[in-house]
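Given these sequences and hints, build the entire structure.
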Amino acid sequence: GAVVSQHPSWVICKSGTSVKIECRSLDFQATTMFWYRQFPKQSLMLMATSNEGSKATYEQGVEKDKFLINHASLTLSTLTVTSAHPEDSSFYICSPRRADTQYFGPGTRLTVL
Amino acid sequence: AQTVTQSQPEMSVQEAETVTLSCTYDTSENNYYLFWYKQPPSRQMILVIRQEAYKQQNATENRFSVNFQKAAKSFSLKISDSQLGDTAMYFCASTPLNFGNEKLTFGTGTRLTIIP
Numbered sequence: 038g039a040v041v042s043q044h045p046s047w048v049i050c051k052s053g054t055s056v057k058i059e060c061r062s063l064d065f066q067a068t069t070m071f072w073y074r075q076f077p078k079q080s081l082m083l084m085a086t087s088n089e090g091s092k093a094t095y096e097q098g099v100e101k102d103k104f105l106i107n108h109a110s111l112t113l114s115t116l117t118v119t120s121a122h123p124e125d126s127s128f129y130i131c132s133p134r135r136a137d138t139q140y141f142g143p144g145t146r147l148t149v150l
Numbered sequence: 004a005q006t007v008t009q010s011q012p013e014m015s016v017q018e019a020e021t022v023t024l025s026c027t028y029d030t031s032e033n034n035y036y037l038f039w040y041k042q043p044p045s046r047q048m049i050l051v052i053r054q055e056a057y058k059q060q061n062a063t064e065n066r067f068s069v070n071f072q073k074a075a076k077s078f079s080l081k082i083s084d085s086q087l088g089d090t091a092m093y094f095c096a097s098t099p100l101n102f103g104n105e106k107l108t109f110g111t112g113t114r115l116t117i118i119p
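For the record, the sequence lines run as chains A and B. The working numbering applies: residue 38 is where the first sequence begins, and numbers increase by one. The working numbering applies: residue 4 is where the second sequence begins, and numbers increase by one.
Mimicking DSBU-like on lysine-lysine, the simulated pairs with C-alpha atoms at most 30 Å apart in a straight line are:
| # | chain 1 | residue 1 | chain 2 | residue 2 |
| --- | --- | --- | --- | --- |
| 1 | A | K78 | B | K76 |
| 2 | B | K81 | A | K78 |
| 3 | A | K103 | A | K78 |
| 4 | A | K51 | A | K78 |
| 5 | B | K76 | B | K58 |
| 6 | A | K78 | A | K101 |
Hint data in this document are derived by calculation from the structure and do not stem from the laboratory.
Encoded structure:
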């Protein structure tokens, strides 16, 4: 089966710093990458969609200058939370898609102090 | 645009019993996929079952089956012989059949607890 990794799985940072989350599809090439965030006891909220080599398309209300997405290759995408604040504390999930199947990474728990 | 509604925030059932989770949706698409995802305490999203809207036959995967009523835009999940490992959040989702960059639309989820 398809394997998706996310790193780190858990990160704690100070307010004002930047955090980079890495997502890799280990045994397949993803045509499209989706990034979600999930607050406790809530559903997944789509942040942005990206294709390899193209700029990401952000959902309404998501600041593109704050959440930088780089889709460097068909197997690697990164999400950088810049100048993080406590309200950015959440669970971030990457979701690569190949053909008609969408997979999910194990998620990254971000805590901003 | 698509919307997915799950009207049961929480459910609980005794182990070995059968439970049905409800989901309704709305879409302007003629062809689309419907999904049920499971999110256990580990928070890893796991695909439970998938239904192509053009198929009349209800999808089944071992103990999991769906009741797909296209005219009513209803897509319920039945879990038979429930097990403790079925305890999780369950999300119903839909997307147009032409996947492309189309996003998955998720419902708000149902928290299912299997009681020993």
